[in-house]
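Engineer: If you read the protein sequences in the order shown, they are chains A and B. The numbering of the first sequence is my numbering, which starts it at 1 and goes up by one. The numbering of the second sequence is my numbering, which starts it at 1 and goes up by one.
Treat the hints with care, as some may be off.
[Unchecked claim] Capping the alpha-carbon separation at 27 angstroms, the derived lysine-lysine pairs in DSS-like fashion look like this:
1) LYS56(A) x LYS152(B)
2) LYS349(A) x LYS152(B)
3) LYS152(B) x LYS66(A)
4) LYS66(A) x LYS56(A)
5) LYS349(A) x LYS396(A)
These are calculated hints, taken from the structure and not from any lab test. Please read all numbers here as calculations on a predicted model, not as lab measurements.
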Amino acid sequence: MRKSTLRLPPTLVSILALASVMLSLGCVVPYTPLPTLSAELNAQTLDQDESYLWKKSSELQYEIEKSGLLFQDPALDSYLAQVLARVTPQELSAAGVTPRVAVISDVQIHGYSFANGVVYLHTALLSRMQDETQLATVLSRELAHVVNRHALRAGREAKLRADTMAWVGIGVSVAGEYGSSAKLLAQAFEISSAVGFPAALETQADRKGLELLDRAGYDVRATPEFFQMTVDYLAEVHTQGPWAWVAFTPPIQMTTRIAGYRSVIEQEYAATANTAGPTKTPLASNDRFRRMLHSVAQRQADLELAAGLSYSAANTARFATQSDPRDPQSWYLLGKALEIQRANPIIGKTAPSVDEVREAFRKAIQVRSTHAYSIRDLAMTHYRGENGERSPQDGKEATRLFQQYLRLAPNAGDTAYVRTYLEELKTAERR
Amino acid sequence: MTIRSQINSARLCLISFLLLGTLGCVGVWSPLYKTQKPFEMTTIQAAAHLPAGWGSSTYAPLLGVWLFTHHGVELNEIYLRRFLKSQVVKGTNRTVRDDMTIQEIADLSIDSRRTDDGVGAFEVISNQPSQIGGRDCFRLDYRYRNEIGLPKRTVEYGCPVGPWMYRFEFNAPEQHYFAAHLPEFEAMARTIEFRVPGA
Numbered sequence: 001m002r003k004s005t006l007r008l009p010p011t012l013v014s015i016l017a018l019a020s021v022m023l024s025l026g027c028v029v030p031y032t033p034l035p036t037l038s039a040e041l042n043a044q045t046l047d048q049d050e051s052y053l054w055k056k057s058s059e060l061q062y063e064i065e066k067s068g069l070l071f072q073d074p075a076l077d078s079y080l081a082q083v084l085a086r087v088t089p090q091e092l093s094a095a096g097v098t099p100r101v102a103v104i105s106d107v108q109i110h111g112y113s114f115a116n117g118v119v120y121l122h123t124a125l126l127s128r129m130q131d132e133t134q135l136a137t138v139l140s141r142e143l144a145h146v147v148n149r150h151a152l153r154a155g156r157e158a159k160l161r162a163d164t165m166a167w168v169g170i171g172v173s174v175a176g177e178y179g180s181s182a183k184l185l186a187q188a189f190e191i192s193s194a195v196g197f198p199a200a201l202e203t204q205a206d207r208k209g210l211e212l213l214d215r216a217g218y219d220v221r222a223t224p225e226f227f228q229m230t231v232d233y234l235a236e237v238h239t240q241g242p243w244a245w246v247a248f249t250p251p252i253q254m255t256t257r258i259a260g261y262r263s264v265i266e267q268e269y270a271a272t273a274n275t276a277g278p279t280k281t282p283l284a285s286n287d288r289f290r291r292m293l294h295s296v297a298q299r300q301a302d303l304e305l306a307a308g309l310s311y312s313a314a315n316t317a318r319f320a321t322q323s324d325p326r327d328p329q330s331w332y333l334l335g336k337a338l339e340i341q342r343a344n345p346i347i348g349k350t351a352p353s354v355d356e357v358r359e360a361f362r363k364a365i366q367v368r369s370t371h372a373y374s375i376r377d378l379a380m381t382h383y384r385g386e387n388g389e390r391s392p393q394d395g396k397e398a399t400r401l402f403q404q405y406l407r408l409a410p411n412a413g414d415t416a417y418v419r420t421y422l423e424e425l426k427t428a429e430r431r
Numbered sequence: 001m002t003i004r005s006q007i008n009s010a011r012l013c014l015i016s017f018l019l020l021g022t023l024g025c026v027g028v029w030s031p032l033y034k035t036q037k038p039f040e041m042t043t044i045q046a047a048a049h050l051p052a053g054w055g056s057s058t059y060a061p062l063l064g065v066w067l068f069t070h071h072g073v074e075l076n077e078i079y080l081r082r083f084l085k086s087q088v089v090k091g092t093n094r095t096v097r098d099d100m101t102i103q104e105i106a107d108l109s110i111d112s113r114r115t116d117d118g119v120g121a122f123e124v125i126s127n128q129p130s131q132i133g134g135r136d137c138f139r140l141d142y143r144y145r146n147e148i149g150l151p152k153r154t155v156e157y158g159c160p161v162g163p164w165m166y167r168f169e170f171n172a173p174e175q176h177y178f179a180a181h182l183p184e185f186e187a188m189a190r191t192i193e194f195r196v197p198g199a
């Protein structure tokens, strides 16, 4: 067989080569850092475009926060504020910037900061954190963007970008396929998903973030593992989506960041790396930290359930069962996640047995015998039976549990549905 | 290319030109009048007495959706649509299965809505079994804030019919417009008939 070859005229090849070189070089901007915020360069002496950026940031924050997306837990908010204060550099305070952190209910793993020092962390990111150092890692990195005025810098460099926000890109957007309040965060997401910050700014934030973390007395050695955790989460989500059959490729910016952190730690924190642990005690022990995030984990598990990420939901719910085993809601969420896994099996993953599903609901009932939703959902597992067949025993058990549910929650919103199930069970029993 | 396929292509071109020529002059909204018989919405295989005095989107039915409004879609809108059960329900990573109860389908719809773009502070007011055109359906009533923070409220009926999942929605700002126009939607919903053969 004759091999077909494509021969291009040498002139065309030269033009193409030149064009590609120009295209790639055209994107490279020599990096010269802006002066950082300080007592001299402060909130009162901002340039006109920077003032405008801050104003736009405030407006966007107002929009987001009044839209009902904020996750509010006063105890958690207070703790987050304390950790933020601990990593806040002197120069920011001197510049008259008071950083603030808030939690957004969103199924996507993200964290980002605005030019005016406001940091948003998504429930997805918080719910997977294991200790305070991981939290401090994100916060210090965000503050590094703020103090270095990266949003302004990126805005000036990219005229086409409607910049209002500094983007850190903890993860990669999974919006679209899975539920997310993307539109409400549209301006923020546009910036992030379109371009992000130039690599040089990200590298600068990495270094400055580590410096702030170290200065606050946290153990810098733990940082690469934190970013690896976000990659692992993305891989976990990937295996539950429509593209699961395609091998997961970690986002290049994340792998680069992890490698960069390792290298900086090795070069600049060698002394720290050789000594054990943090130089200051964290505000919360690891156990207390997880308990602080208990409500966030529950919210995230609920969001993951809504988004059909049942394996992630089960993992997140398990975290919540560990942080407070006496909270029936976490066991209930775990039961729901296992139930969805069973009903919507994913090729290559083992679906749980009906006994595992029931076990989770029973644990919730064990913890609180009046946990009505667990009783109802346990009843549903009997109502359905196994493999589409409902045995008489299952019918009786379903009837008993549904009746118990109606006694416990006579005014619940779904009593009309439950009564139809009871009617059907009654009819089936008569036959 | 055979002569037959050439004729088919020519026909397609002609139809496209005719459609463009005629629809290009048609208004975006057509007024709805009271009719003796239910109006046949052939693109979704359903019929209903549509709300008189409202406007019907001229172009939406071409996309398989019927859209009505009285004062503009921001203030009141009725959506009638259907999708295949095998289609992933937006934002949920799941489909409607034949073994699902009506309550489970309603919960799936809630999941889709609460994770939807531009939906914040989502709250279910009621979730009840219902009947439309003699079929078992669900009726959801929920409120939320849209992307500009405006409180809105929706009543949604969902009916599995054969391979299809029908969804009928009334959506309006919670203040004034919802209560003012809900009865017109409910009156229309009561007259819906399904025309899906064999289902």
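Engineer: Which numbered hints turn out to be false for this structure?
Structural biologist: 2, 5
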